[in-house]
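Q: Letter by letter, the chains look like this.
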Amino acid sequence: MIANNGVGTAPRAVANTPLSTTLAYTKFELLRTFRNRRFFVFSLGFPLVMYFLIAGPNKNNHHLGASGDFPGVFAPLYYMVSLIAFGTMTAVMAGGARIAAERSVGWNRQLRLTPLSTRTYFRTKVITSYLMALTSILLMYLAGTLLGVRLPASQWLEMTALVLVALVPFAAIGILMGHLLTVDSMGPALGGLSALFAFLGGTWFPITGGGALVEIAKSLPSYWLVQAGQVGVGGGAFPPRGWIVLAIWTAVFAILAGRAYQRDTKRV
Amino acid sequence: MTQTSSPPTGIHLRGLVKNFRTPQGTVQAVRGVDISIVPGETVALLGPNGAGKSTTIDMLLGLLPPDAGTVSLFGMPPMNAVKAGAIGAMLQTGSLIRDLSVRELVTMMAALYPKPLPVDEVIELTGIGDVAARKTHKLSGGQTQRVRFALALVSNPDLLVLDEPTVAMDVEARRDFWTTMRGFTSRGKTVVFATHYLEEADAYADRIILMARGQVVADGPATEIKATVGLRTIRATLPGADLDALATLPGVKNADPRGEAVVLHCADSDLAIRALLERYPAARDIEITGAGLEQAFLQLTGDDPGDTGISPVTDNNDKEPAR
Numbered sequence: 001m002i003a004n005n006g007v008g009t010a011p012r013a014v015a016n017t018p019l020s021t022t023l024a025y026t027k028f029e030l031l032r033t034f035r036n037r038r039f040f041v042f043s044l045g046f047p048l049v050m051y052f053l054i055a056g057p058n059k060n061n062h063h064l065g066a067s068g069d070f071p072g073v074f075a076p077l078y079y080m081v082s083l084i085a086f087g088t089m090t091a092v093m094a095g096g097a098r099i100a101a102e103r104s105v106g107w108n109r110q111l112r113l114t115p116l117s118t119r120t121y122f123r124t125k126v127i128t129s130y131l132m133a134l135t136s137i138l139l140m141y142l143a144g145t146l147l148g149v150r151l152p153a154s155q156w157l158e159m160t161a162l163v164l165v166a167l168v169p170f171a172a173i174g175i176l177m178g179h180l181l182t183v184d185s186m187g188p189a190l191g192g193l194s195a196l197f198a199f200l201g202g203t204w205f206p207i208t209g210g211g212a213l214v215e216i217a218k219s220l221p222s223y224w225l226v227q228a229g230q231v232g233v234g235g236g237a238f239p240p241r242g243w244i245v246l247a248i249w250t251a252v253f254a255i256l257a258g259r260a261y262q263r264d265t266k267r268v
Numbered sequence: 269m270t271q272t273s274s275p276p277t278g279i280h281l282r283g284l285v286k287n288f289r290t291p292q293g294t295v296q297a298v299r300g301v302d303i304s305i306v307p308g309e310t311v312a313l314l315g316p317n318g319a320g321k322s323t324t325i326d327m328l329l330g331l332l333p334p335d336a337g338t339v340s341l342f343g344m345p346p347m348n349a350v351k352a353g354a355i356g357a358m359l360q361t362g363s364l365i366r367d368l369s370v371r372e373l374v375t376m377m378a379a380l381y382p383k384p385l386p387v388d389e390v391i392e393l394t395g396i397g398d399v400a401a402r403k404t405h406k407l408s409g410g411q412t413q414r415v416r417f418a419l420a421l422v423s424n425p426d427l428l429v430l431d432e433p434t435v436a437m438d439v440e441a442r443r444d445f446w447t448t449m450r451g452f453t454s455r456g457k458t459v460v461f462a463t464h465y466l467e468e469a470d471a472y473a474d475r476i477i478l479m480a481r482g483q484v485v486a487d488g489p490a491t492e493i494k495a496t497v498g499l500r501t502i503r504a505t506l507p508g509a510d511l512d513a514l515a516t517l518p519g520v521k522n523a524d525p526r527g528e529a530v531v532l533h534c535a536d537s538d539l540a541i542r543a544l545l546e547r548y549p550a551a552r553d554i555e556i557t558g559a560g561l562e563q564a565f566l567q568l569t570g571d572d573p574g575d576t577g578i579s580p581v582t583d584n585n586d587k588e589p590a591r
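Protein chains in written order, with this note's numbering: chain A, 1 to 268; chain B, 269 to 591.
To be clear, the hints were calculated from the coordinates, so they are not data collected in a lab.
Treat the hints with care, as some may be off.
[What the hints assert, rightly or not] With a straight-line cut-off of 25 Å between C-alpha atoms, the simulated SDA-like cross-links for lysine to any residue are: (1) K406(B) with N36(A); (2) K27(A) with A352(B); (3) K403(B) with Q360(B); (4) K218(A) with L157(A); (5) K383(B) with L111(A); (6) K27(A) with K403(B); (7) K351(B) with A24(A).
All chains, please: the whole structure from these sequences, using the hints.
A: This is how it looks when you write it as structure tokens:
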């Protein structure tokens, strides 16, 4: 329908489909992410270093948090799942920092002039973030194994699957932030937000009992991210509330992120 | 609007208006622009900074919603034309994303369009073969511009939009660039480019749309634009001449002194030179020159520094203020 003005159109040797577009775009996004060494080191290296600093000195403690009948858990295991929650959350939200960097050179405006759909754009961003998260998980498993953590394969798998599910809202939050904030404000915002989520979600100390704070915690996606990790320390799969909280956070932030992307056509 | 009388093809901007709110008040960036472009035309949007060129282009591309008016690209709203892969654009602001080589970036961009041009062909066409393996953040300003041009071309668009494309280029690069463009337009593509280089508009556009203060002040072939203000000047040495009398000569619009010489601005220089020689046989050292686009431009936009009746555009209001 467009080509009716073509006076001698050029030879069109290639033709792309939505699938080939998604694959190619994702491939180059991944290349870019993994080539950005500073980002890579901070995003993946930081949780690792923290892990060895915290869990290393406690690697012979098999009774962390023991009280009464509760025999406690193996310290390297506990810290491993905690840092998996923290590390993956940071890695996924850091996807927003890459978006902010793209916007700062006007790339979002350039992309807007291509047929790339909002859906494919988001899909690619989420896939990229998830591969970062997965890399982070594998590195933490490796580190845990070095400190003596042993888990049955089924538990590894269940834990990983639940962590990946609980990360979805964070991917949406990261994308939203990437479209609202500038490169300069991204660092503090990411740092503050992940610290807050980690703290309130129970990454650093277990959240138990009742009360308002616990109710708030249980309404946060980070709480369920931590719970996903706890499968490895003997916790169970999500109750319905977990699924509902994650679904609501995902829906709200996916819609907000979609709007932010749509509106984000200004010269920065 | 008379949509029925508009052909379904081509580009139609109707009654476009855009205002920006700034702390200093509302800036009327575009104040009622009507433009129609036939497929295959190469059109220059010419005007000084603040004329509203970039804002018009942003609305044309669908990056900025107009406050009033409509945009139709090949019978579609901009968003649909973009979705169909019919639009390629090189925006004024913006750079390249990092951590990819030039070839990788062009390949990635090609993958986003349904029917792109072969990457190798575009790399050769835009003369970036020598930097194809280099990382995008290690390019000079001119090289970056050429890569951005490649990104616009690789989409194989029906409409190519370029906002101040040669701004970072030296003279040689600029010439190469336009040679490449010629090759592209010879394929029957439609091209709209914004520029404030008069020579570029004159040399490379079929048609010039002159913008000033958010409005189209002239629209036509370069020669026609010059004819609108029509001016040629006659310069002659004529001591002691009566300027008022000279200004009343047939074909003369006004007369300025230049020491012993006079400069006559003429609507019809043929008529004027005959009358001048007849009444002032003493006139000597006579030169007749065409006004050139520069002068036509100043005349039409009223930005002639000598034209004290109109204050020049002060702020750069075709840049959208940061909000």
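Q: Could you run down the list of hints and mark each one as holding or not?
A: Hint-by-hint comparison with the structure:
Pair hint K406(B) plus N36(A) holds up; C-alpha atoms about 15 Å apart against a cutoff of 25 Å. Pair hint K27(A) plus A352(B) holds up; C-alpha atoms about 23 Å apart against a cutoff of 25 Å. Between the alpha carbons of K403(B) and Q360(B) the distance comes to roughly 21 Å, so the proposed pair stays at or under 25 Å and holds. For a cut-off of 25 Å, the pair hint linking K218(A) to L157(A) stands: about 24 Å separates their Cα positions.
The hinted pair formed by K383(B) and L111(A) meets the criterion: a straight-line CA distance of about 16 Å does not exceed 25 Å. Using a Cα cut-off of 25 Å, the hinted pair K27(A) and K403(B) holds, with the two alpha carbons roughly 17 Å apart. With a C-alpha separation of about 18 Å, the suggested pair K351(B) and A24(A) falls inside the 25 Å cut-off, and the hint holds.
This entry satisfies every hint, going by the numbered hints stated previously.
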